[in-house]
Each structure stands twice: as C-alpha cells, then as structure tokens.
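Here are the chains, one letter per residue:
6 protein chains.
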Amino acid sequence: MLVQVGRRESFSAAHRLFDPGLSDDENQRLFGKCVSLHGHNYVLEVTVAGGIDPASGYVVDLKQLSDIMCRRVIQDVDHRNLNTDVPWLSGLIPTTENLALTFWARLLPDLPAGLLRNVRVWETDKNWAEVGDHL
Amino acid sequence: MLVQVGRRESFSAAHRLFDPGLSDDENQRLFGKCVSLHGHNYVLEVTVAGGIDPASGYVVDLKQLSDIMCRRVIQDVDHRNLNTDVPWLSGLIPTTENLALTFWARLLPDLPAGLLRNVRVWETDKNWAEVGDHL
Amino acid sequence: MLVQVGRRESFSAAHRLFDPGLSDDENQRLFGKCVSLHGHNYVLEVTVAGGIDPASGYVVDLKQLSDIMCRRVIQDVDHRNLNTDVPWLSGLIPTTENLALTFWARLLPDLPAGLLRNVRVWETDKNWAEVGDHL
Amino acid sequence: MLVQVGRRESFSAAHRLFDPGLSDDENQRLFGKCVSLHGHNYVLEVTVAGGIDPASGYVVDLKQLSDIMCRRVIQDVDHRNLNTDVPWLSGLIPTTENLALTFWARLLPDLPAGLLRNVRVWETDKNWAEVGDHL
Amino acid sequence: MLVQVGRRESFSAAHRLFDPGLSDDENQRLFGKCVSLHGHNYVLEVTVAGGIDPASGYVVDLKQLSDIMCRRVIQDVDHRNLNTDVPWLSGLIPTTENLALTFWARLLPDLPAGLLRNVRVWETDKNWAEVGDHL
Amino acid sequence: MLVQVGRRESFSAAHRLFDPGLSDDENQRLFGKCVSLHGHNYVLEVTVAGGIDPASGYVVDLKQLSDIMCRRVIQDVDHRNLNTDVPWLSGLIPTTENLALTFWARLLPDLPAGLLRNVRVWETDKNWAEVGDHL
Numbered sequence: 533m534l535v536q537v538g539r540r541e542s543f544s545a546a547h548r549l550f551d552p553g554l555s556d557d558e559n560q561r562l563f564g565k566c567v568s569l570h571g572h573n574y575v576l577e578v579t580v581a582g583g584i585d586p587a588s589g590y591v592v593d594l595k596q597l598s599d600i601m602c603r604r605v606i607q608d609v610d611h612r613n614l615n616t617d618v619p620w621l622s623g624l625i626p627t628t629e630n631l632a633l634t635f636w637a638r639l640l641p642d643l644p645a646g647l648l649r650n651v652r653v654w655e656t657d658k659n660w661a662e663v664g665d666h667l
Numbered sequence: 533m534l535v536q537v538g539r540r541e542s543f544s545a546a547h548r549l550f551d552p553g554l555s556d557d558e559n560q561r562l563f564g565k566c567v568s569l570h571g572h573n574y575v576l577e578v579t580v581a582g583g584i585d586p587a588s589g590y591v592v593d594l595k596q597l598s599d600i601m602c603r604r605v606i607q608d609v610d611h612r613n614l615n616t617d618v619p620w621l622s623g624l625i626p627t628t629e630n631l632a633l634t635f636w637a638r639l640l641p642d643l644p645a646g647l648l649r650n651v652r653v654w655e656t657d658k659n660w661a662e663v664g665d666h667l
Numbered sequence: 533m534l535v536q537v538g539r540r541e542s543f544s545a546a547h548r549l550f551d552p553g554l555s556d557d558e559n560q561r562l563f564g565k566c567v568s569l570h571g572h573n574y575v576l577e578v579t580v581a582g583g584i585d586p587a588s589g590y591v592v593d594l595k596q597l598s599d600i601m602c603r604r605v606i607q608d609v610d611h612r613n614l615n616t617d618v619p620w621l622s623g624l625i626p627t628t629e630n631l632a633l634t635f636w637a638r639l640l641p642d643l644p645a646g647l648l649r650n651v652r653v654w655e656t657d658k659n660w661a662e663v664g665d666h667l
Numbered sequence: 533m534l535v536q537v538g539r540r541e542s543f544s545a546a547h548r549l550f551d552p553g554l555s556d557d558e559n560q561r562l563f564g565k566c567v568s569l570h571g572h573n574y575v576l577e578v579t580v581a582g583g584i585d586p587a588s589g590y591v592v593d594l595k596q597l598s599d600i601m602c603r604r605v606i607q608d609v610d611h612r613n614l615n616t617d618v619p620w621l622s623g624l625i626p627t628t629e630n631l632a633l634t635f636w637a638r639l640l641p642d643l644p645a646g647l648l649r650n651v652r653v654w655e656t657d658k659n660w661a662e663v664g665d666h667l
Numbered sequence: 533m534l535v536q537v538g539r540r541e542s543f544s545a546a547h548r549l550f551d552p553g554l555s556d557d558e559n560q561r562l563f564g565k566c567v568s569l570h571g572h573n574y575v576l577e578v579t580v581a582g583g584i585d586p587a588s589g590y591v592v593d594l595k596q597l598s599d600i601m602c603r604r605v606i607q608d609v610d611h612r613n614l615n616t617d618v619p620w621l622s623g624l625i626p627t628t629e630n631l632a633l634t635f636w637a638r639l640l641p642d643l644p645a646g647l648l649r650n651v652r653v654w655e656t657d658k659n660w661a662e663v664g665d666h667l
Numbered sequence: 533m534l535v536q537v538g539r540r541e542s543f544s545a546a547h548r549l550f551d552p553g554l555s556d557d558e559n560q561r562l563f564g565k566c567v568s569l570h571g572h573n574y575v576l577e578v579t580v581a582g583g584i585d586p587a588s589g590y591v592v593d594l595k596q597l598s599d600i601m602c603r604r605v606i607q608d609v610d611h612r613n614l615n616t617d618v619p620w621l622s623g624l625i626p627t628t629e630n631l632a633l634t635f636w637a638r639l640l641p642d643l644p645a646g647l648l649r650n651v652r653v654w655e656t657d658k659n660w661a662e663v664g665d666h667l
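Residue numbers (the numbering used here), protein chains in the order written: chain A, 533 to 667; chain B, 533 to 667; chain C, 533 to 667; chain D, 533 to 667; chain E, 533 to 667; chain F, 533 to 667.
Any given hint could turn out to be false.
Since copy identity is lost for identical chains, a pair holds within one copy or between any two.
Once the Cα atoms are required to be at most 25 Å apart in a straight line, the calculated DSS-like pairs of lysine-lysine come out as [as the list claims (entries may be wrong)]:
(1) 565 x 595
(2) 595 x 658
(3) 565 x 658
Treat the hints as calculated values from the structure; they're not laboratory data.
Chain A extracted, bound-state conformation (with noise of 0.2 Å):
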C-alpha cells in the first residue's frame, strides 16, 4: 500500500514583489503592500509518496529527507534576500507559487525516481502554495 510521509523546516527570509521590468505605479497596482521590502518565517512541508521498506519500516529516511532539503534549499534561503541573495531564484518573482515550483525543481534531481509527492510552502498560517504531480 503506498504510503506519503512528510517533513517540515522552517526558514526566515526577506522578498518584495516587484518586476523591474515595470514602472514603480505598475508594480504598486499589481503587488500593493507586498511592494516593499519586507519578510516571513516560511514553513517548506515535502511530501514523498512510496512502500514501505520493510528492512527499516520506513518510506524514507527522514533524516536523509532533512539533509536533502537543508542542503538544496534551506540552507541558500534561511536568513537571505530572495529578491537578490539566491542565485536560482535569480530572474524570478518571489512569490510563494514560484518558490514551490523552484523547490520542487531544486529536489526532484536528489530524491530516488517517483519518490516526490507535493512540495508545499507556507508564507504565514494564512497563506500557501504547492506543487506536485498527482495535484
């Protein structure tokens, strides 16, 4: 029986919303508050789908699971700029859609094939995306 298991890290960052490609009354229109330089603690959640290894009676090593996301993702982002300070955010809009989907590219390559469910990223309790492929 397939069974998900997941896992969440937290991590403290600052982002604007803001296209440089616009005028400062474009970019107010479309991001109001969210314009100015502000921040969040995040929560990232990984969910990984599989069978249970019956050696170790786990999906997945949750500890290696920690490691994967501390080394892809927690560890350029906690206590960073988004907007300037992450390279393979570069280019992009900080919001949190596209923080999820450049999550979820950043572990899909460092997790056995099929194992990644759902990446999902909290910017307050009131507020989330998530990607994954069985949405």
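Got chain A; can you put chains B, C, D, E and F on it based on the hints?
What follows is chains B, C, D, E and F alone, placed relative to chain A:
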C-alpha cells in the same frame, strides 16, 4: 505545472444542530449536546488551482481571493447565529458539512471558471469538513 | 521553591455582549458587532502555585485539577448560550473579563487554600483576559 | 457531492526504532538516535468521505467516529510502550509509517464500507505519515 | 480585582542585525547569520491591566486597543524594512528587545495612564522579548 | 528598563510516574495511567531578564542561550527514557514539576548571575510546570 494556493480566513458564529420537523427527544438523540445553542471560532480555507501567471508570479492575487471570501461568506456569517441570521443558510442544519457545501456554492460563481478546487471549514482544531471536485 | 502548574481545557459556547437596560442603539455603540449572538471555541487555563509534594512529585494532581475545572465550570458552559443558560452567569455581560472573574470565583472554594494563582480565558487566538491575586 | 470529514485525536506513547534481529551497531546505523527508547505526543487524524445524510446534515456522526477511533486505537496505544504493550503492533518496528498502516487496518472493519479515506499520524509537528486508497 | 487583558496583532517585516559603526567582520562575529537581510512574521501582544468597567464588562474596549496598536505600530512596520523604512526606529539595531522597548514607548502615550502592563514581541515561535513595569 | 527574553527548544522523551518504594497498587492509585511507560514531545522555555546591551541590542545572545540549553539539558534528555537514562534525574519521579526544577538547577550555574528568570516545561499542549524566583 499546476499549482495550488490556499487562503484561510476566520469567523466566530453561533449555531445549534436541530431539525424543527423533529421532536425535542429526536433532536437530542440525533445531535446530542450540539442540540443546544453554542458557537465556534471557525476557519474557512479555500484552495484554488491553476497555472502561474508569468506577469505576476501568481496563480491568483490572494488579496482578490480574500476579498471574495469576505464579501461572499465571511461578512454574512461572522458574529452571527447561523440558524437564524443568514438568509442563504435558511432551512439547512448548520453542520460543518453543510457549511462547506454552501460556502462552495457561494464562492464558485465569483471565481474564474476552473479555479476553485477545495473548500474546507474547521469547526474546532479537532473537526473539519471539506468539499471539492477532485476529492 | 515555589512551582506553578498550568492546565488548559476547552469549551464551545455562544454569547452576545448586550445590556438589557440599554437601547439597541446604545448597545450597538458600546459593543459593535459583538452585540449579535455569535460564539467561540474558548480555552480556560488555570494556574496553581505551591511546593512539590515529595511523595508524588506533584504540586497538584492534574487529574484532580481537571476534574474540578470540569465540574465547576466546563460542564455548565460547554455547548451553552452564556447569556441565558448558565444560572451563575445570570445578569452579567459575558465579556472575557467577566468570564475570567466568575470562573475564578467558581474554582476558588474547591481548591486547597492558597493554591489558585491565575485564571485565564482565551476567546480567540488574539484575545484573552486573566485574573489572579499576584498580577 | 462528495464531502470529506476529518477528526483528530491525541495520544502519548513511548517507542524505539529497533529490529531485534539486528546487532546494536546495525540498529544504530539504521535508526540513529531513534534507537533509544523515547516518546511523543501523537495525533491521529482520520478522514472519511461520503454524501451528506439529509436527515442529519452529517457524512458521519463525529461522536461515533471518535468512539471508533478510541475503541480501536487510542485506548490501546495511549500511555503505552508501542514496542511491548500493544499486541496488535507486536513484531512491527513502530515507525510512523507502520503506525498509520496498522491504524488503518484497525479502523477499516468498524466503519461502513467505502467511508474511510485517509489515516494520518503526526509524530511531531514536523513529521507525519499517511495511508489511504486515493493517495 | 485587577484584570489583565491581552491582544495580539501580526505584521511581516524585513530586518538585519548590523551596526554601521562596526566592520563587516565585527558585525558577523556579533550577529552571525542575522547580519544578512532576512525577515519574520512577527506577533505583537499588548497586555493591559485595570478594573472592569461595570457598564461594559470591559477593562478596555479591544477594538480601541487594536486601533491604537495598528495606528501607533503595525501600520508603520508591516511590510517594511525595519532598518531603513521606519523613522522612529532609525539608529536602532532592530533586535526583538529593541522592538519591544520601542513599541512600548509608542503605545504608552496613547493609552489611559496606568493601563499598559506588558508589550511582548515574537520574532518566531521560538523567540520573544517582553517589556513591562511589573516584570 | 528590564527586558525579558524567552527561548523555546523541544525534545522527545519517554517516562513513567512510578515510585519504586511503593507497591504496584499504590503507584496505580497515585499516578493512574501515567504509571505505564509512555512519552511526550516536550517543550522547554527559558526566560532571562536584564538590561539591553547597547552594543548589540541584546539582553542575551539567543544563540548562546540556546547552546547552553542544549548542552546542559536537551542533549541529555532528547530521545531518552527519563526514568533510567539521565544520571542527573536519577531517583526523581519525572513529573513536569520535577523536570522544571531540575532543569532550572542545571541551567543556573552556566548563565551570568541574575539573568535566569523562569524555566517552563510543557508536557503537552494542555499541561505545563514553571519555576522561577519571581513567581
């Protein structure tokens, strides 16, 4: 790639579970202690799904989604008695299931076609009901 | 050394803020949207303080504290309308402040002398009131 | 329309991840610090799915669902050592994955056919496992 | 009897811990990873203490307290860079301690004399600072 | 002005409430279901109080406070059986009260004189114990 986005809003309301066509004994048997008027801090979570607009990095502007949630649901139910004060709940037993279903019907016409994915209502930290067309 | 111990219990109740001696306009001006019947998932937190009993390692047996909280407060207010259903709240405007004060008075005689320290009531995650004799 | 309903219950239990057929070194390598006896405040969330019964407004009476969860799972695992005290966990490494799978099998026969959708177990705020036949 | 009342409001802001009078190395040694621009979902909790007004059942109208918190603090810091965008934080290292102290000074003159008791600021779920004249 | 600063860290441990000098019946009467080995996700919150260092804006560097909490408490109790695995808890009934008192005594000598204010331990979301010299 399809992306899901969620938004949560809160409201505080009174309700009782009670069918006026039944006797007091039958209502008591069916609904137990919920037959008495009481209340909750409810949470409404709306999930939408779609592609990311490259101009904004958004699936949907959460400010607009939040406005629709407030205009179509929250302003009518917040600080109200769900049994008597909300015309569009009239005649319904205000269970969490019926609230989720009715909120879905209230939100659907105001959102772009195909965008709405799930509507979940928490009555307490321990209980929720959810409707959606991909469940 | 003095040790404080806290215990939380929840209840769901309806209420409205309303003074029957005032006109509807005056009530509306005084209480705003809280004048309408609505409800909350309340949390009651009781703090006691004392020395540790060397035989048990307890300041107080939390099972007994919880029983007192249920017998003296929770069973009377859970799934009730605080304006009309609770004899010992009769005549009071059921603000969080008045609930905390009244719950204190209900709990004090059933606890060993000197044990009760604080009674806090959360109406929502954002609002609380607390009474105590060391505040 | 299909409606999902969720219910959460908590329990506190001890466990260790340990395979008696392996050496201490192998257990240490496989399970790291989880090889030592420790414990958690677990949360069990059960999701059911079905149509709304027009007589009650319920998919399922949550009181009955909660009773089944308590009778079939919670009363056997709460305040227990999951490695030694629960006959129906005997011989299993009590990972979150194996708990979710076993709880599913315990709950399924006591629920009306087709009702059970998902069983999720949180070990901490950061880790969970989930089984279901629509995942 | 004295009653305490608490109110929480949230804001999202960017900051870095950095003293412009120090070298980069000295800042790095003093503030570690917090020297880089990042951000948080902050929570501001204000506690007031006083007697209950028998006419309203309130120590203070939380709507008015919330308005003061928003007008004097939240509107100036929400979606801002605390190092550069807030005139009344100018020249301060925006640690949680300094925020709590400055928010206290902003709120005190707008509240009736003797009412303000504590101001607490959470930077994350794990860290907070609090000022008050009864601590 | 005096400022309080709080820091929370988590650990997962097993324990039972049991006095080896008593009979099984007496233990059962005294401790109820807590007499069986079980476990919790504990939270340790340490509060310090002092003036703000103008050079750093800190009362205390939370990185250093966190290191002391880990070195003196967390690393010894996390993923352990509190009844048998922690030499400095030996002979104590591991109630939340006794944990808070013992953690206080472990932390006090490693902190600058006068800094430590409160030590609180949550056993679950519903129960906590706290020691301090200003309670």
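How the hints compare with the structure:
1. 565 x 595: Answer is between; shortest inter-copy Cα gap is 10 Å, intra-copy 38 Å.
2. 595 x 658: Intra 28 Å, inter 12 Å, cutoff 25 Å: inter-copy only.
3. 565 x 658: Answer is both: 16 Å inside a copy and 23 Å across each meet the 25 Å cutoff.
Checked against the numbered hints above, the structure violates none of them.
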